[in-house]
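**Q** The listed protein sequences derive, respectively, from chains A and B. If you read the first sequence in the working numbering, its first letter stands for residue 19, the second for the next number, and so on. If you read the second sequence in the working numbering, its first letter stands for residue 19, the second for the next number, and so on.
If you're looking for bench data, these hints aren't it; they were derived computationally from the structure. Any given hint could be a false lead.
As the list makes no split between identical chains, a pair holds if one copy fits it or if it spans any two.
Computed list of lysine to aspartate or glutamate pairs in DMTMM-like fashion (alpha-carbon distance at most 20 Å, straight line) [unchecked claim]: (1) K171 to E21; (2) K241 to E37; (3) K217 to E297; (4) K217 to E282; (5) K234 to E185; (6) K320 to E47; (7) K320 to D56; (8) K22 to E316; (9) K22 to E317; (10) K320 to E21; (11) K241 to E155; (12) K173 to E282; (13) K256 to D293; (14) K217 to E316; (15) K234 to E21; (16) K241 to D56; (17) K162 to E242.
Number of protein chains: 2
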Amino acid sequence: MWEKIVECVPNVSEGRNQETIRALAAALERVSEIKLLDVESDPDHNRSVFTFAGTPEGVKAAVMALFAAALPRIDLRKHRGEHPRMGAVDVVPFVPVRGVTMEDCVILSREVGQGIWERFQVPVYLYANSATRPEREDLAAIRKGEFEGFFEKIKDPAWAPDFGEPEVHPTAGVVAVGAREFLIAYNVYLNTDDVRIAKAIARAIRGSSGGLRYVKALGFEIKERGLVQVSMNLTNYKKTPIPRVLELIRREAARYGVSVVESEIVGLVPQGALDQVVEYYLQLPRLEPQMVFERRLEEALKG
Amino acid sequence: MWEKIVECVPNVSEGRNQETIRALAAALERVSEIKLLDVESDPDHNRSVFTFAGTPEGVKAAVMALFAAALPRIDLRKHRGEHPRMGAVDVVPFVPVRGVTMEDCVILSREVGQGIWERFQVPVYLYANSATRPEREDLAAIRKGEFEGFFEKIKDPAWAPDFGEPEVHPTAGVVAVGAREFLIAYNVYLNTDDVRIAKAIARAIRGSSGGLRYVKALGFEIKERGLVQVSMNLTNYKKTPIPRVLELIRREAARYGVSVVESEIVGLVPQGALDQVVEYYLQLPRLEPQMVFERRLEEALKG
Chain A
19 MWEKIVECVP NVSEGRNQET IRALAAALER VSEIKLLDVE SDPDHNRSVF TFAGTPEGVK
79 AAVMALFAAA LPRIDLRKHR GEHPRMGAVD VVPFVPVRGV TMEDCVILSR EVGQGIWERF
139 QVPVYLYANS ATRPEREDLA AIRKGEFEGF FEKIKDPAWA PDFGEPEVHP TAGVVAVGAR
199 EFLIAYNVYL NTDDVRIAKA IARAIRGSSG GLRYVKALGF EIKERGLVQV SMNLTNYKKT
259 PIPRVLELIR REAARYGVSV VESEIVGLVP QGALDQVVEY YLQLPRLEPQ MVFERRLEEA
319 LKG
Chain B
19 MWEKIVECVP NVSEGRNQET IRALAAALER VSEIKLLDVE SDPDHNRSVF TFAGTPEGVK
79 AAVMALFAAA LPRIDLRKHR GEHPRMGAVD VVPFVPVRGV TMEDCVILSR EVGQGIWERF
139 QVPVYLYANS ATRPEREDLA AIRKGEFEGF FEKIKDPAWA PDFGEPEVHP TAGVVAVGAR
199 EFLIAYNVYL NTDDVRIAKA IARAIRGSSG GLRYVKALGF EIKERGLVQV SMNLTNYKKT
259 PIPRVLELIR REAARYGVSV VESEIVGLVP QGALDQVVEY YLQLPRLEPQ MVFERRLEEA
319 LKG
């Protein structure tokens, strides 16, 4: 295992053409010092999410390889999909996993941003922890107007790119690059078919409307199961841990006489977020990695 | 990482002489295909527990190396300690961890048992899942009478050893060897100083008095903290998982108006037992290993 590990989760504006998706995955797989862990494509969104991890140098090379493969294949002028987008490669987040700090990932995002502009002439916006202005922390604010609107938006000095001239790439648009915490997609199912309850709970628990700071939440009806779902993104599990979110949902649900049927983690979750769950419910002062047989053995085999 | 992994946790009747303990640890560390993970010595018990893991062949070689190092150094005729014992190397449990079944460990225990007798002339009793008679499943039943009593006990045909002549080794006694599940030492603290409550809860939850099958439990007073403790060995976490034990303790404690202050895992716990905790409290239908970032990456790096 590498000493330093960064996760990178670029979102690309192509979720239908399998040949293109395969070509991008193949380009990533040719990069040494990274491993491609997951590819999720959504045809309705017309968007694919590539998850890979590797050394800082490997991850940097992989982003370049992804751009080199995506630009000749994706033309945003012809792109239609439900998900908002502003770039062929729409957003490139870097997540510190092991042996690297958030600050290291901010520096990495700047180096990558500069590289993208210099090599591909795609203007770059630094977002999340890498943002150079508060209004650029939120990806949705940057992306507002989308590809089509950016030809005007980029001329506004307030929206001058962090790297590059204020000129939208004709087919690849612009891109957001930044460092952020691991994002956990977490859903909780409730034993009611009244979607208003899910929406009310989502409103109660999400940061934007007064709830937990690092929770984004929406309420949905899940017709085929006769249930509703509180669907969440947890944007900083270290500060807003899964068990606290779930217990708050339980309390809110109790107000309406409903209860939690099950929960689900969509995609990948870091081990540290599961360790928090164990600590919380078992009331362990601390779960040390060396208490876990497999981790102790792994350490012993390394040393 | 090895394809097949067995854990082995021999208990040795020496917990005071550091030179001897170091010599035994050094003997284990010289064996290839195993890693020594932990050594815990208790001077009051005058007993040390060595935890190591490795391939079946490695573990077999390590047990032989441990006997070779222990026999010239430990003389049970001079051994005193609080913990009952019948052998210089008192008990040798094998635990299936990865790529091996319980049956594989039973076979391994028989091979090791035969080797111990042939090479060291120490009579061997197969216990736990390796037991050849129901009354030998329980280690305490075999050990009853201890080293001093075994010179008579071994002559009883009901207590003929599984390997070897019915003749106690003059300084090393006899040994129990067997395959068992991972044993988790788990304690729960309650906010009362009334030890009768801890004892009553221990009685309610342990298998021997009508509680959960794979729980052994005792109640203790923890004077320095002004609390009591339910102290447990969980002998099969797959069938009696930690969260079910903890929730039963919570319910029993509520009868007395007391509650859980914290819990603790002593020594090593397998990842699978913690995954059960996550599944139980998050109400996840199943926590798949490939959902966890670090495990997915580890798999990707292997493949």
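**Q** From the Cα coordinates, with 20 Å as the cut-off, is the pair K241 and E37 best called within, between, both, or neither?
**A** neither (33 Å within a copy, 69 Å between copies)
**Q** At most 20 Å between C-alpha atoms: does K241 with D56 qualify within a copy, between copies, both, or neither?
**A** neither (28 Å within a copy, 53 Å between copies)
**Q** What label fits K22 with E316 when the C-alpha limit is 20 Å: within, between, both, or neither?
**A** So K22 and E316 pass the 20 Å test inside a copy (17 Å) and across (14 Å) alike.
**Q** Is the C-alpha distance from K320 to E47 at most 20 Å within one copy, between copies, in both cases, or in neither?
**A** between (26 Å within a copy, 14 Å between copies)
**Q** How do K241 and E155 come out at 20 Å by Cα distance, when the copy is not named: within, between, both, or neither?
**A** neither (35 Å within a copy, 53 Å between copies)
**Q** For K171 and E21, with the copy left unspecified, which applies at a CA distance of at most 20 Å: within, between, both, or neither?
**A** The answer is neither: 42 Å in one copy and 57 Å across copies each exceed 20 Å.
**Q** Could you place K234 and E21 in one of the four classes (within, between, both, neither) given a Cα distance threshold of 20 Å?
**A** For K234 and E21, the Cα distance exceeds 20 Å both inside one copy (32 Å) and across copies (42 Å).
**Q** State whether the alpha carbon distance between K217 and E282 is at most 20 Å within one copy, between copies, both, or neither.
**A** within (18 Å within a copy, 38 Å between copies)
**Q** My question is about K173 and E282: at a cut-off of 20 Å on alpha-carbon distance, are they close within one copy, between copies, both, or neither?
**A** neither (43 Å within a copy, 60 Å between copies)
**Q** At most 20 Å between C-alpha atoms: does K217 with E316 qualify within a copy, between copies, both, or neither?
**A** For K217 and E316, neither the intra-copy (44 Å) nor the inter-copy (38 Å) Cα distance is at most 20 Å.
**Q** Check K234 against E185 for me: Cα-Cα at most 20 Å, and say if that holds within a copy, between copies, both or neither.
**A** neither (33 Å within a copy, 71 Å between copies)
**Q** Is it within a copy, between copies, both, or neither that the alpha carbon of K217 lies no farther than 20 Å from that of E297?
**A** neither (30 Å within a copy, 25 Å between copies)
Hint compliance for this structure: hints 1, 2, 3, 5, 11, 12, 14, 15, 16 and 17 are broken, all remaining hints hold.
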